[in-house]
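Chemist: Here's the letter readout for the chains.
There are 2 protein chains.
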Amino acid sequence: MLLAQAPDGLPEVTSSTDLAAALTPVLGGLVWPDGSTGLAEGDIVVVASKVVAKAEGRLRKAADRDAAIDDETVRVVATREYPDGSTLKIVENRQGLVMAAAGVDASNVLPGTVLLLPEDSDESARVLRRGLNARLGVRPGVLVTDSVGRPWRRGIADITIGAAGLDVLQDLRNQRDGNGRELRATVIAVADEIAAAADLVRGKTGGRPVAVVRGLGHLVTVEDGEGAHVAIRPPEEDLFRTGR
Amino acid sequence: MLLAQAPDGLPEVTSSTDLAAALTPVLGGLVWPDGSTGLAEGDIVVVASKVVAKAEGRLRKAADRDAAIDDETVRVVATREYPDGSTLKIVENRQGLVMAAAGVDASNVLPGTVLLLPEDSDESARVLRRGLNARLGVRPGVLVTDSVGRPWRRGIADITIGAAGLDVLQDLRNQRDGNGRELRATVIAVADEIAAAADLVRGKTGGRPVAVVRGLGHLVTVEDGEGAHVAIRPPEEDLFRTGR
Numbered sequence: 032m033l034l035a036q037a038p039d040g041l042p043e044v045t046s047s048t049d050l051a052a053a054l055t056p057v058l059g060g061l062v063w064p065d066g067s068t069g070l071a072e073g074d075i076v077v078v079a080s081k082v083v084a085k086a087e088g089r090l091r092k093a094a095d096r097d098a099a100i101d102d103e104t105v106r107v108v109a110t111r112e113y114p115d116g117s118t119l120k121i122v123e124n125r126q127g128l129v130m131a132a133a134g135v136d137a138s139n140v141l142p143g144t145v146l147l148l149p150e151d152s153d154e155s156a157r158v159l160r161r162g163l164n165a166r167l168g169v170r171p172g173v174l175v176t177d178s179v180g181r182p183w184r185r186g187i188a189d190i191t192i193g194a195a196g197l198d199v200l201q202d203l204r205n206q207r208d209g210n211g212r213e214l215r216a217t218v219i220a221v222a223d224e225i226a227a228a229a230d231l232v233r234g235k236t237g238g239r240p241v242a243v244v245r246g247l248g249h250l251v252t253v254e255d256g257e258g259a260h261v262a263i264r265p266p267e268e269d270l271f272r273t274g275r
Numbered sequence: 032m033l034l035a036q037a038p039d040g041l042p043e044v045t046s047s048t049d050l051a052a053a054l055t056p057v058l059g060g061l062v063w064p065d066g067s068t069g070l071a072e073g074d075i076v077v078v079a080s081k082v083v084a085k086a087e088g089r090l091r092k093a094a095d096r097d098a099a100i101d102d103e104t105v106r107v108v109a110t111r112e113y114p115d116g117s118t119l120k121i122v123e124n125r126q127g128l129v130m131a132a133a134g135v136d137a138s139n140v141l142p143g144t145v146l147l148l149p150e151d152s153d154e155s156a157r158v159l160r161r162g163l164n165a166r167l168g169v170r171p172g173v174l175v176t177d178s179v180g181r182p183w184r185r186g187i188a189d190i191t192i193g194a195a196g197l198d199v200l201q202d203l204r205n206q207r208d209g210n211g212r213e214l215r216a217t218v219i220a221v222a223d224e225i226a227a228a229a230d231l232v233r234g235k236t237g238g239r240p241v242a243v244v245r246g247l248g249h250l251v252t253v254e255d256g257e258g259a260h261v262a263i264r265p266p267e268e269d270l271f272r273t274g275r
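Those sequence lines, one after another, are chains E and S.
So for the first sequence, this note's numbering puts the first residue at 32; every next one is plus one.
So for the second sequence, this note's numbering puts the first residue at 32; every next one is plus one.
Please keep in mind that the hints were generated in silico from the structure rather than gathered at the bench.
All C-beta atoms, glycine included, are put in the ideal place defined by N, C-alpha and C.
Incorrect hints may have been included.
Simulated coverage check for chain E against chain S, where a stretch passes if three residues somewhere in it have a Cβ under 8 Å from a Cβ of chain S [stated by the list, open to error]: (1) 32–45; (2) 180–193; (3) 230–236; (4) 262–274.
Modelling step: build the complete structure from the supplied sequences, incorporating the hints.
Modeler: Okay, structure coming up:
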């Protein structure tokens, strides 16, 4: 059974917030259907990149938005101009992620400001994991997630951009299916699937940027592991390096 | 709280299987943490396209795999040849979906055969919903899902290719964020996020092709609705019509 919930009660996060300290009472107060409370071994804490970035002080002035996008851009993947004069830029950003506007975000931040992504979301996840472990005595998997558009599909969905203590990709290539046939190409993007599941309970407008997912303890690891950057498709495998 | 589980016990599905009839005892036997059993209003039944296609008799001989892929292809999006002589074709198929090998599948089917996608997965979802409603007395949301690769990201993840009774896209464009700023571009691909959550509990090798997701009743609708085809990005919005 997979369980996921997004607690209320996280105070507004600013650059002076210690995120692990702010999350500790919120996660400690979780109540589960079996009557247990708090965080347990094998749980996965899924945090929107937005609050991580706020805690890391990644704000810039809104007037600098275009410059911020340019600064975060490593490579322009596609550009489109609209009749109203605005331009959509899909770019590879400094974290290696392909995102509209390089991940520079204007929603759920103070008027007059825009928010950059965390400098290194894998490191952010590791730091948060250590902080939660020190305070709560358990070692959850920790994911930092963001919403992205997708080619070919309408709507945005959440993916994992930072991870600690989780198998980001589940490699089933040595296993066999129910008919004994080898699963040759089957590597499951489990961290992205967990990000999507967490988004369903967090929502975009309710002030609940953190979710806890229970029931996937087989994916949680003692070591922090390689992080979410292993989910980025290397250029030589990538048939969609350039859009139009 | 979101709950998701994938029951055991579905018998092997063949072209003579009535899928709603086969699922009825399996879903009726579900046990939930609050002690309730079976399916309830607001639940979402998430079925792998594979079993839907099997029940619809969408098998072809493996020797015809390349011809089957060509038959299912409307448009070639990208092609890559590998040193071993094999070719990867990413195409738009007759269902409008962009997929490797047009969605023609060789895993978890009988040796010597390949499986096509359902002819019309939205209709498959509607039929299954009616059948479950007649037998179980509730009107769940029904999703038909498949695993796809993604540009820029490693690993496969599940998306929804057929839907009945669910808001496939959740449009938040008239709502405001916590700072009163309008969420201009925010349409959430909730059906794809539910598909991803369901994949986490179903797995690929355990013979559990069906999951039930509870806790998202606000997305379930009385009417069957437009179906999953609304999640396909129309060509004029699509910056990634062609890969290389």
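Chemist: For every hint, state whether the structure bears it out.
Modeler: Hint check:
1. Given a C-beta distance limit of less than 8 Å, the hint that chain S covers the stretch 32–45 of chain E holds, as 5 residues qualify and 3 suffice.
2. Check on the stretch 180–193 of chain E: 10 of its residues sit with their Cβ under 8 Å from a Cβ of chain S, so the three-residue criterion for coverage holds.
3. Here's how the stretch 230–236 of chain E fares: 5 of its residues keep a CB closer than 8 Å to some CB of chain S, so the rule of at least three is met and the hint holds.
4. Requiring three or more residues with a Cβ within less than 8 Å of a Cβ of chain S, the coverage given for the stretch 262–274 of chain E holds, as 10 such residues are present.
Comparing the model with each numbered hint stated earlier shows that all of them hold.
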